[in-house]
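**Q** Here is what each chain is made of, one letter per residue.
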Amino acid sequence: KAGVTQTPRYLIKTRGQQVTLSCSPISGHRSVSWYQQTPGQGLQFLFEYFSETQRNKGNFPGRFSGRQFSNSRSEMNVSTLELGDSALYLCASSFLDRAGRGEQFFGPGTRLTVL
Amino acid sequence: TQLLEQSPQFLSIQEGENLTVYCNSSSVFSSLQWYRQEPGEGPVLLVTVVTGGEVKKLKRLTFQFGDARKDSSLHITAAQPGDTGLYLCAGLWANAGNMLTFGGGTRLMVKP
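First to last, the sequence lines map onto chains A and B. Numbering of the first sequence is given in my numbering, commencing with residue 9 and proceeding in unit increments. Numbering of the second sequence is given in my numbering, commencing with residue 2 and proceeding in unit increments.
Simulated from the structure, these hints should not be mistaken for laboratory data. Think of the CB as a built atom: it goes at the ideal place given N, C-alpha and C, for glycine as much as any other residue. Fair warning: there could be bad hints in the mix.
[To be verified] Selected chain B positions facing chain A (in silico; Cβ < 10 Å):
no.	residue
1	Gly17
2	Asn19
3	Leu89
4	Leu101
[As the list claims (entries may be wrong)] To be clear about the criterion: a stretch of chain B counts as covered by chain A if any three or more of its residues have a C-beta under 8 Å from a C-beta of chain A, and this derived list gives those stretches:
no.	segment
5	57 to 69
6	102 to 111
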């Protein structure tokens, strides 16, 4: 099985712009979670989608949004970029059990640099 | 805010030495996971511990879950250069679905 893929792998933007990142989960996985990783804050949960619905949301401003398509692929969008948004954005996919939990398989991430 | 504190942040040791990484919280986890991340890649799951007092072994790695399910440790015996990487603990709380809360990470370097 192919792993989680994320595109693009690297991105450079300037302050005020917006960006869209894409994630394709492992085939059969319907849950996709997004995380932000920075040297200062570590790995922080952004949001989780399951069957095109947002299930959980982390403590991030409304500039961060996401969506999931019927084929389980997911995108996240960051509007009005700030310097502090520079980070590695990781996507993870899961096959959920009846309790709504499952092992998360991470993609390689998208490295976003905001200048 | 639910916090997971991981220590030490950095560890540089010689090949063959033993080491322990700690992960602590004031809250009770429903389960705790340990990941390893290498440069340019996403974290890879090493183990999940669920039961208080549980001990799991993965070759030279030993994982313990505290009796009260608030803390965990990772012990590596006879570390090798291939163990170099970022080790992360992550907790799942009972009311948080599949949302992982990560510790700050321990960056391990094993010198030959």
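**Q** Evaluate each hint against the coordinates.
**A** Status of the hints after comparison with the structure:
Look at glycine 17 of chain B: its Cβ only gets to about 29 Å from chain A, farther than 10 Å, so that hint breaks. A hinted interface residue such as asparagine 19 of chain B counts as satisfied when its beta carbon comes closer than 10 Å to some beta carbon of chain A; here the least separation is about 25 Å, so the hint is violated. The closest approach between the C-beta of leucine 89 of chain B and any C-beta of chain A is roughly 7 Å, which is under the 10 Å cut-off, so the hint is satisfied. The interface hint given for leucine 101 of chain B is met, as the beta carbon of that residue sits about 6 Å from the closest beta carbon of chain A, less than 10 Å.
Proximity of the segment 57 to 69 of chain B to chain A, defined as three or more residues with a beta carbon under 8 Å from a beta carbon of that chain, is not established by the 0 residues found. Only when three residues or more bring their CB closer than 8 Å to a CB of chain A does the claim for the segment 102 to 111 of chain B stand; here the count is 5, and the claim holds.
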